[in-house]
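Kindly generate the complete structure, drawing on both the sequences and the hints.
Take a look at the letters that make up each chain.
There are 2 protein chains.
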Amino acid sequence: MGNIINGKEIAKCLKNDIRKFAEDKKNQGSRVPCLATITVGQDGGSIYYVNSQIKLCKDLGLEPKHFSLDESITEEELINLIEKLNNDKSIDGIMLQLPLPKHIHEKEVSSKINHKKDIDGLTDINLGRFYKGEKAFVPCTANSALELIKNTGVKIQGKRVVVLGRSNIVGKPSAQLLLNENATVTICHSKTENLKEVCKEADILVVAIGRPQSVGKDYIKEGAVVIDVGTSSVNGKITGDVIFDEVLEIASFVSPVPGGVGSMTTTLLMNNLCEAFKENVY
Amino acid sequence: MGNIINGKEIAKCLKNDIRKFAEDKKNQGSRVPCLATITVGQDGGSIYYVNSQIKLCKDLGLEPKHFSLDESITEEELINLIEKLNNDKSIDGIMLQLPLPKHIHEKEVSSKINHKKDIDGLTDINLGRFYKGEKAFVPCTANSALELIKNTGVKIQGKRVVVLGRSNIVGKPSAQLLLNENATVTICHSKTENLKEVCKEADILVVAIGRPQSVGKDYIKEGAVVIDVGTSSVNGKITGDVIFDEVLEIASFVSPVPGGVGSMTTTLLMNNLCEAFKENVY
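Chains as they are written, first to last, in the numbering used here: chain A, 1 to 282; chain B, 1 to 282.
Among the clues, some could well be false.
One copy or two, either will do: identical chains are not told apart, so a pair holds if it fits within one copy or between any two.
Claimed, not checked - Taking lysine to aspartate or glutamate pairs in the EDC-like style, the calculated list, with each CA pair at most 16 Å apart, reads: (1) LYS135 - ASP24; (2) LYS135 - GLU201; (3) LYS191 - ASP203; (4) LYS278 - GLU75; (5) LYS15 - GLU222; (6) LYS8 - GLU63; (7) LYS200 - GLU75; (8) LYS155 - GLU193; (9) LYS65 - GLU108; (10) LYS132 - GLU9; (11) LYS278 - GLU246; (12) LYS132 - GLU106; (13) LYS150 - GLU9; (14) LYS191 - GLU181; (15) LYS217 - GLU83; (16) LYS135 - GLU108.
Derived by calculation from the structure, the hints in this document are not laboratory data.
Right under this line is the structure:
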């Protein structure tokens, strides 16, 4: 019987560190890290996410500044706002909530965010630097998967890691992060032959395919660490890709959904904000 | 006994295509693709490479423009030249030969090349786009490895590929290119445990570690395709990473050194130049 990885508990430690950092800044008479969030229109998902970001920001003693724009805004006006925020020394990070209305070119506009304030790690420059192994902001979900693995205390260097899924925001960056930790990394996907056998080679398995309850014990090597990044909504309930109970019987560690990877992501975003602040201020 | 992959022959076909493209442009009264090459100082390697680029350029009916700068040039002057070439509509590709003299920040200066003219695929923006699976210029050595594999006719999709080495210009982009072809890709490196066993899983093995004659038959699965990207100089002779004769006994295809990957790279650079031309002109 394996151990359940407690994402909330790990996030709590990081939250305390961030809170302490913000307090210290305040006590030193300095400003605290400031996050600019932008929403365009009334997309329900965007508003939910931005509200949780603002709430966590305040809770940690950081400063949120929200810009709620009308759906009818032009691309030029939105770019002007981003450029204003890029040049504003009192703003450390910029989060543009996606999706944007159809008349705005999402890629075009996102790419305008200064890479030094792109704390979600989505600009081409940040991605390029990340893949070269240089200092860069990393997409938070991938980073969260890595943090949960590190927290188990299991050795990563030299071990076989299999990442199931190759999305730009989870699969590929998770593989890169684990390669940076000197793991031997294999990326699997829908076209992989003998998928179960390949997954069974993994000392550490990261599952990010978005197919709920699709990875059972026949994918798992005994004693493996299993990180479930899946978050599908099934009958209104957030559900992971891994069949938790049966995998837990074989694995050494399994991250649950909810309570695993997702519990860390917004906190890691705030941690990136503090990193951007350090670069911006000093 | 396996087949020897003939890089020169494959390059020849691509050269003919490029020559035909340039001829067609000329016949249509259009200008031909133009490559700007820049050398700073008298580094022997740089001069050797730039001369071979210029020679091939002319041979294919493309236009080379060479800028030979004095070692004492300032960073600002070099950046000014790059920006002039960026804005020059008659220039399609820019190759800045590295290394640069020590007083010039290589990364800083390279990043100034407009990503649309960065036919060597080294700017952060190009890399970021490439890793997202978007249209981008790809480092030519990695691309050469892929072309040699494709030329064997062996199925790539779903197959196990092992890339041995994780450099930014060969290992990582080769892995990404093969992932784009729907292979199941594993990246190995100096910290990999049980290296021989992992390599033996490969239907296709790409070796790029730069340790001459270090990969013998005990790394090879019977019938595998083996691509040798190693180019070390041993007693003045270019030598690959693979022990060619013994690996050829087991593999289905092996690329030799010289005559393999290296025979394609400059031609692929010229192919990128033609792609840049198409984007620039139309």
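For each hint, the structure was consulted:
In this assembly of identical chains, the alpha carbons of LYS135 and ASP24 never lie at most 16 Å apart, being 25 Å within a copy and 45 Å across copies at closest. With identical chains, the CA atoms of LYS135 and GLU201 are never at most 16 Å apart, being 31 Å at best within one copy and 33 Å at best between copies. In this assembly of identical chains, the alpha carbons of LYS191 and ASP203 lie at most 16 Å apart only when taken from different copies (15 Å versus 22 Å within one copy). For the homomeric pair LYS278 and GLU75, neither the shortest alpha-carbon distance inside one copy (31 Å) nor that between copies (28 Å) is at most 16 Å.
Taking CA atoms no more than 16 Å apart as the test, LYS15 paired with GLU222 passes in neither setting, with 33 Å inside one copy and 53 Å between copies. When the C-alpha separation of LYS8 and GLU63 is checked against a cutoff of 16 Å, the pair qualifies neither within a copy, at 23 Å, nor between copies, at 61 Å. In this assembly of identical chains, LYS200 and GLU75 lie within 16 Å of each other by CA distance neither inside one copy nor across copies; the values are 48 Å within and 53 Å between. Only between protomers do LYS155 and GLU193 lie at most 16 Å apart by alpha-carbon distance; the minimum there is 12 Å, versus 28 Å within a single protomer.
Taking identical chains as interchangeable, the C-alpha atoms of LYS65 and GLU108 are never at most 16 Å apart, the minima being 23 Å within one chain and 32 Å between chains. For a Cα distance limit of 16 Å, the shortest separation of LYS132 from GLU9 qualifies neither inside one copy, at 32 Å, nor across copies, at 32 Å. Taking the closest pair of Cα atoms, LYS278 and GLU246 never come within 16 Å of each other, the shortest separation being 44 Å inside a single copy and 55 Å across copies. Proximity of LYS132 to GLU106 under the C-alpha cut-off of 16 Å is restricted to the inter-copy arrangement: shortest distance 15 Å between copies versus 25 Å within a copy.
For the identical chains of this complex, LYS150 and GLU9 are intra-copy neighbours only, at 14 Å inside a copy versus 49 Å across copies, given an alpha-carbon limit of 16 Å. Proximity of LYS191 and GLU181 under a CA criterion of 16 Å is satisfied inter-copy only: 10 Å between copies versus 26 Å inside one chain copy. Within a single copy, LYS217 and GLU83 get their C-alpha atoms no closer than 50 Å, and across copies no closer than 57 Å, so neither meets the 16 Å cut-off. Proximity of LYS135 and GLU108 under a CA criterion of 16 Å is satisfied inter-copy only: 15 Å between copies versus 24 Å inside one chain copy.
Hints 1, 2, 4, 5, 6, 7, 9, 10, 11, 15 from the earlier list are contradicted by this structure; the remaining hints agree with it.
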